[in-house]
Amino acid sequence: MNIIPQIVANSLIAGSIYALIALGFNLVYGATRFVNMVPGALAAIGGYTVFFLFNRLGLNIYFSVIAGVVVAGFFGYLSDRLVFRKLRSHKASNLVSFVASLGIFTMLQALISILFTSQFQSVLSVTENPKTYQILGATFTWVQGLIFITSIAAFVSLALILKKTSFGKAVRAVSDDEEVSKIIGINTNRLISWIFFIGSCLIGLSGIFIGFDIGINPTMGLFIILEGATASIIGGIGNVYGGFLGAFLLGFVENFGILKIPGEWKPAIAFGLLILFLIFKPEGIMNKKK
Amino acid sequence: MAYLIHLLILFAIYGILGLSLNLVMGYTGLLSVTHGAFFGIGAYATAILMTHAGLNFFVALIVGLVLSGVVSFIIGAILSRLSGDYFVLGTVGLNYLIVTVLINWSDLTRGPLGIAGIHKPHFFGLSFSDTPAFLVLSLIFLALTFLVARFVVNSSFGRALKAIREDQKALQVFGYNIFSYKLAIFTISGALAAIAGALFASYITFINPASFDVMQSVFILAVVVLGGLGSLRGSLLGALLLVIIPELLRFVGFPSEIAAQTRQAIYGLLLVVLMLYRPQGLIGEYKL
Amino acid sequence: MFSIQTKNLKKHFDGVYAVDDLSIKIETGQITSIIGPNGSGKTTLINTLSGLLEIDGGLVVIEESEKLSKITPHEIPSFGITRTFQNIHLFEQMTILDNILVVLTDRQVFRAIFETHQTFHLKIAEEVLTRVGLWEKRGQLAVNLSYGQRKLLEIARALAMDAKIYLLDEPFAGLFPEMVKIISGIIKELKQESKTVILIEHDMGLIRELSDYVFVLDSGKLLAEGKPSEVLAKREVIEAYLGE
Amino acid sequence: MSKTVKIVIWLVVIVIVIAIGASLSKKGSNPDTGTGPIKIGFIGPLTGDTAGIGENVRAAVEVARDEINAAGGVNKRQVEVIFEDGQCDPKAAANAGNKLVSVDKVVAIIGGLCSSETLAVAPIAEQAKVPLISDASTNPKITDAGDYIFRFVPSDLFQGKFDAEYIMNTMKKSKVGILYCLSDWCTGIKDVFKQNFASSGTVVDEEGYQQDARDLRSQITKIKAAKPDVIYFLGYSEASIVGLKQLQELGVKTPIFGGDAWDDVKIAEGAGKAANGAMFSVTASSKYPQSFIDAMTVKKADKELNNYSGRGYDILKVLADIIGRVGVDSTKIKDELYKVKDYQGIGDTYTLDAKGDLATANYSVKKFQDSKIVLVQ
Numbered sequence: 000m001n002i003i004p005q006i007v008a009n010s011l012i013a014g015s016i017y018a019l020i021a022l023g024f025n026l027v028y029g030a031t032r033f034v035n036m037v038p039g040a041l042a043a044i045g046g047y048t049v050f051f052l053f054n055r056l057g058l059n060i061y062f063s064v065i066a067g068v069v070v071a072g073f074f075g076y077l078s079d080r081l082v083f084r085k086l087r088s089h090k091a092s093n094l095v096s097f098v099a100s101l102g103i104f105t106m107l108q109a110l111i112s113i114l115f116t117s118q119f120q121s122v123l124s125v126t127e128n129p130k131t132y133q134i135l136g137a138t139f140t141w142v143q144g145l146i147f148i149t150s151i152a153a154f155v156s157l158a159l160i161l162k163k164t165s166f167g168k169a170v171r172a173v174s175d176d177e178e179v180s181k182i183i184g185i186n187t188n189r190l191i192s193w194i195f196f197i198g199s200c201l202i203g204l205s206g207i208f209i210g211f212d213i214g215i216n217p218t219m220g221l222f223i224i225l226e227g228a229t230a231s232i233i234g235g236i237g238n239v240y241g242g243f244l245g246a247f248l249l250g251f252v253e254n255f256g257i258l259k260i261p262g263e264w265k266p267a268i269a270f271g272l273l274i275l276f277l278i279f280k281p282e283g284i285m286n287k288k289k
Numbered sequence: 000m001a002y003l004i005h006l007l008i009l010f011a012i013y014g015i016l017g018l019s020l021n022l023v024m025g026y027t028g029l030l031s032v033t034h035g036a037f038f039g040i041g042a043y044a045t046a047i048l049m050t051h052a053g054l055n056f057f058v059a060l061i062v063g064l065v066l067s068g069v070v071s072f073i074i075g076a077i078l079s080r081l082s083g084d085y086f087v088l089g090t091v092g093l094n095y096l097i098v099t100v101l102i103n104w105s106d107l108t109r110g111p112l113g114i115a116g117i118h119k120p121h122f123f124g125l126s127f128s129d130t131p132a133f134l135v136l137s138l139i140f141l142a143l144t145f146l147v148a149r150f151v152v153n154s155s156f157g158r159a160l161k162a163i164r165e166d167q168k169a170l171q172v173f174g175y176n177i178f179s180y181k182l183a184i185f186t187i188s189g190a191l192a193a194i195a196g197a198l199f200a201s202y203i204t205f206i207n208p209a210s211f212d213v214m215q216s217v218f219i220l221a222v223v224v225l226g227g228l229g230s231l232r233g234s235l236l237g238a239l240l241l242v243i244i245p246e247l248l249r250f251v252g253f254p255s256e257i258a259a260q261t262r263q264a265i266y267g268l269l270l271v272v273l274m275l276y277r278p279q280g281l282i283g284e285y286k287l
Numbered sequence: 000m001f002s003i004q005t006k007n008l009k010k011h012f013d014g015v016y017a018v019d020d021l022s023i024k025i026e027t028g029q030i031t032s033i034i035g036p037n038g039s040g041k042t043t044l045i046n047t048l049s050g051l052l053e054i055d056g057g058l059v060v061i062e063e064s065e066k067l068s069k070i071t072p073h074e075i076p077s078f079g080i081t082r083t084f085q086n087i088h089l090f091e092q093m094t095i096l097d098n099i100l101v102v103l104t105d106r107q108v109f110r111a112i113f114e115t116h117q118t119f120h121l122k123i124a125e126e127v128l129t130r131v132g133l134w135e136k137r138g139q140l141a142v143n144l145s146y147g148q149r150k151l152l153e154i155a156r157a158l159a160m161d162a163k164i165y166l167l168d169e170p171f172a173g174l175f176p177e178m179v180k181i182i183s184g185i186i187k188e189l190k191q192e193s194k195t196v197i198l199i200e201h202d203m204g205l206i207r208e209l210s211d212y213v214f215v216l217d218s219g220k221l222l223a224e225g226k227p228s229e230v231l232a233k234r235e236v237i238e239a240y241l242g243e
Numbered sequence: 000m001s002k003t004v005k006i007v008i009w010l011v012v013i014v015i016v017i018a019i020g021a022s023l024s025k026k027g028s029n030p031d032t033g034t035g036p037i038k039i040g041f042i043g044p045l046t047g048d049t050a051g052i053g054e055n056v057r058a059a060v061e062v063a064r065d066e067i068n069a070a071g072g073v074n075k076r077q078v079e080v081i082f083e084d085g086q087c088d089p090k091a092a093a094n095a096g097n098k099l100v101s102v103d104k105v106v107a108i109i110g111g112l113c114s115s116e117t118l119a120v121a122p123i124a125e126q127a128k129v130p131l132i133s134d135a136s137t138n139p140k141i142t143d144a145g146d147y148i149f150r151f152v153p154s155d156l157f158q159g160k161f162d163a164e165y166i167m168n169t170m171k172k173s174k175v176g177i178l179y180c181l182s183d184w185c186t187g188i189k190d191v192f193k194q195n196f197a198s199s200g201t202v203v204d205e206e207g208y209q210q211d212a213r214d215l216r217s218q219i220t221k222i223k224a225a226k227p228d229v230i231y232f233l234g235y236s237e238a239s240i241v242g243l244k245q246l247q248e249l250g251v252k253t254p255i256f257g258g259d260a261w262d263d264v265k266i267a268e269g270a271g272k273a274a275n276g277a278m279f280s281v282t283a284s285s286k287y288p289q290s291f292i293d294a295m296t297v298k299k300a301d302k303e304l305n306n307y308s309g310r311g312y313d314i315l316k317v318l319a320d321i322i323g324r325v326g327v328d329s330t331k332i333k334d335e336l337y338k339v340k341d342y343q344g345i346g347d348t349y350t351l352d353a354k355g356d357l358a359t360a361n362y363s364v365k366k367f368q369d370s371k372i373v374l375v376q
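Going down the list, the sequences are from chains A, B, C and D. Numbering that gives the first Met the number 0 numbers the first residue of the first sequence as 0 and each following residue consecutively. Numbering that gives the first Met the number 0 numbers the first residue of the second sequence as 0 and each following residue consecutively. Numbering that gives the first Met the number 0 numbers the first residue of the third sequence as 0 and each following residue consecutively. Numbering that gives the first Met the number 0 numbers the first residue of the fourth sequence as 0 and each following residue consecutively.
Simulated from the structure, these hints should not be mistaken for laboratory data. Keep in mind that the hints are not guaranteed to be accurate.
Said to hold, decoys possible - Below, in silico cross-link-like pairs of lysine-lysine (DSSO-like), each with a Cα-Cα straight-line distance of 27 Å or less:
| id | chain 1 | residue 1 | chain 2 | residue 2 |
| --- | --- | --- | --- | --- |
| 1 | C | Lys220 | C | Lys24 |
| 2 | B | Lys168 | C | Lys69 |
| 3 | A | Lys259 | D | Lys226 |
| 4 | A | Lys259 | D | Lys174 |
| 5 | B | Lys168 | C | Lys136 |
| 6 | A | Lys259 | D | Lys221 |
| 7 | B | Lys119 | D | Lys354 |
| 8 | D | Lys226 | D | Lys174 |
| 9 | A | Lys280 | C | Lys9 |
| 10 | C | Lys9 | B | Lys168 |
| 11 | D | Lys252 | A | Lys259 |
Isolated chain A, as found in the complex:
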């Protein structure tokens, strides 16, 4: 029984989750130009909000998902408004902002485990048998299918917003050069907060999907942000299209790599790839050489 189609399916599923994270991560990185750890905690916040609304209060699933995304986005906006905006006014270096984002990350993660204990929770109760689909011998559940479609949709809509709308042009201007865009009258602070909001919504969504597919626990954030960052570097940091491509490349390399080497080396593949790209092609596939 040939397992290649199953490996391809696994890679696509992993790739689409990484894609959502990478899209959000890149959007935020593009505007702020530093490695931000906060989105990791936002993924957990998204997942836990849905868990609280759907599992604990039993509200409608679609409402809880939308609420989860908005709450994650709000926390992203809040972190920019209270901390990063101040740091930008101090002209703080991006290493200072990195350490600050690390502080917020640790704090949010600790608060979640205080509120929800550090138990592992599965969001979708699986009593009813999950409907699985079969394509060319590769099986996947409707949740995984939904993740794949949403990540494609998120990518397309984001690409359209950036290209067509005036908001999109302003976002690209700020990503290129914050000072210049200040001069030509863009209220960069407000815009960056909006970018934070959208980026955090995307990452919150990825946290929610991980919750549906696998489950959530407070310490899920660190690995998510590292995978997201790796995918963005491979694709081209700050470049939204690059992040999307890098995510699927990472998914494929990770899953096909396992064929050759034993499973326990799986995280080594992702970080090995990260180091290789950092040294030989730091600007990633999509960006031109800086």
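Since chain A is already given, all that's left is putting chains B, C and D on it; use the hints.
Below, chains B, C and D without anything else, positioned relative to chain A:
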């Protein structure tokens, strides 16, 4: 009182780690999140040499020092090419890689089972098995590390490091091969961290890969950032505060189930407040 | 004897030729000025000569012996070259004294670790800093100096290198008259010590007063060269400056 | 950075250190003087990804403490249990151990749940002559960690051997695919299982996964390709729920056998139908008494009742019984612990051998059936 001695031993270990990281971060301006791995390499080198090869602690320490120096040379060679955000991400990636190697190379490191039964150091009949004696030994090593660090910092090499921190591009033009300087400071800092690793392995008598992961590197980073970048005494201060104060929280009667999480939350808040109001740390001079 | 020559030197950024097939000869012991409108490739030329930018084509010849198609920044002192920067590159959070000492002490890693600055280093530093009037302020951090003092410190740092060839990128930009006098005095002293000076400047008065030879660049090409009085009178030079 | 600010900061630091020293010596009660509460320590992971198990055992020990105190305590003295977070990390466990031994001067310590905690605290307890009784550390190295070190859980040697024999002889399978987590418990059992299984079966594939990894699809796909006739799946609750679901999603029909960490209602409910038919071995223990389950429900820890919480409860009960007989002298307690024989607890029947380990460990096999756990043998 034995508990305070125990904490002071940990202070000495984290003081050595803080000093060695400050050389790379405070003086050369490289934000490295891989120091936990150097700490681990030193611990594992000593533990393996003492348990498998039955070497005396001090011999194992020296061999461990050299081994970690070689590994940090290789890592330095890889990382010194990167700069800014890429450097930070590169160090995080390498830390993960090294921990994965420690977990999976099970015939050398016994993988997740860790290495147990590492006995205390003894030196021609003089045994350091009880904690006060071990504290004296650790403080001696801390003093040695401090002197080495001060020697390096006050030398012309140290001044060049600060210049790399300030303006690497300009310094090149005046005849400095930046790559070899970064490589040298990485090796020195890695070797010094190995001392802390050896002390940790022999004091706790059991090590496993989990205690040398990215979170450990973040803790060491916090020690340096809190104490102050570019100030050796600052790293000692940072180590003292971040080892002692969390233990105080054990006595503040938090209900036991949230005591540990509140510590994490306060520690995260500390980082944020520091970065907002005092990025150069308590008694540091260099703003990151 | 020409201490530096460029042979069809080329430097491009994504197709735009900042330095386009440039061949110039710099006379030893002379003050040679390079003038031209903004964006004519002056700073790019200096950055290429000092190894900060890769050479895309052509050669750089040092002392008519070394033919170089590639220069790494840290090897230029071995060719007797040093420079200052148009936008100041000082070691900000270090004292003025350290800014000088760092270019005096040993470069080799191993020897540098076991060396601390000696009295003779201090003597040179004192001499150079007194020349620019900053010796009393040697304990202060570079970041706290005024704009003019920082320009002087950059010059002092270059002097401390005791090089043969000095690349000065707009050393007078934005200075008060008495600071201009100090720096032009230093440049003249360099000439008496038969050092080669390449000066980038916009102030025509200074050009006439200081330079022995002038090259005029326009969008990377050599427009004109010669004595300052002849070159500055040429019609096309004036047009290039006024912009057609 | 004016001089005065630096001096002020150093003064503040010195004051803090003195304050700590004073508070430690003042707070540290002198050795047990026969009055006031009997202090017993507890070390287990209250944060991190094994905190789920840690919190559950803590609740069980609290239930035991309340029962003892309600019945008038021991020799008319109340029992006080001091809970410290070991975080499954040697340094944190050593911190906790030192604090319990030298500041709180506890009479005995329940714990190290993770083997890494027990191995780190063992030398501290041994030096202070304070008995350390682990409720869940199965690393074989603990057997000879010291004569004050005990455990009320069988070492990996027993479980690995039993599982290998059960799969070979009862299930009559010969080609096994092993999926194991990279933690001391899983690796320990896997190594012992492989030694015993080699006698008549072959291990067709062996895939490890990070303890907190949640996407096991690639490992499962590889094992499926190796066509084993049984899968030996070792993991804690979280990874097991996810693993069982993904095994079902990937259409794996081969029978699955797990370790005693699966004796957890949460896995039955979390994995639901995906776990149907999966079997696992667990130390033969009668079902928990209803009174225990009700008490745990009160502490809202009922959903996560697992194999180790019963053991934590039993250890405190055994300690109370011993202290009742021989008083609080820790050496006497140590000697009594070696004499524990056929003590019928709620988690197991305990008989300790000369090394402080459980002498016997008979296992029963259970299986998941429609979100319930059913006894097979």
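Against the structure, the hints come out as follows:
no.: 1; hint: Lys220(C) x Lys24(C); result: holds (14 Å)
no.: 2; hint: Lys168(B) x Lys69(C); result: holds (17 Å)
no.: 3; hint: Lys259(A) x Lys226(D); result: holds (17 Å)
no.: 4; hint: Lys259(A) x Lys174(D); result: holds (21 Å)
no.: 5; hint: Lys168(B) x Lys136(C); result: holds (25 Å)
no.: 6; hint: Lys259(A) x Lys221(D); result: holds (10 Å)
no.: 7; hint: Lys119(B) x Lys354(D); result: holds (23 Å)
no.: 8; hint: Lys226(D) x Lys174(D); result: holds (8 Å)
no.: 9; hint: Lys280(A) x Lys9(C); result: holds (26 Å)
no.: 10; hint: Lys9(C) x Lys168(B); result: holds (22 Å)
no.: 11; hint: Lys252(D) x Lys259(A); result: holds (24 Å)
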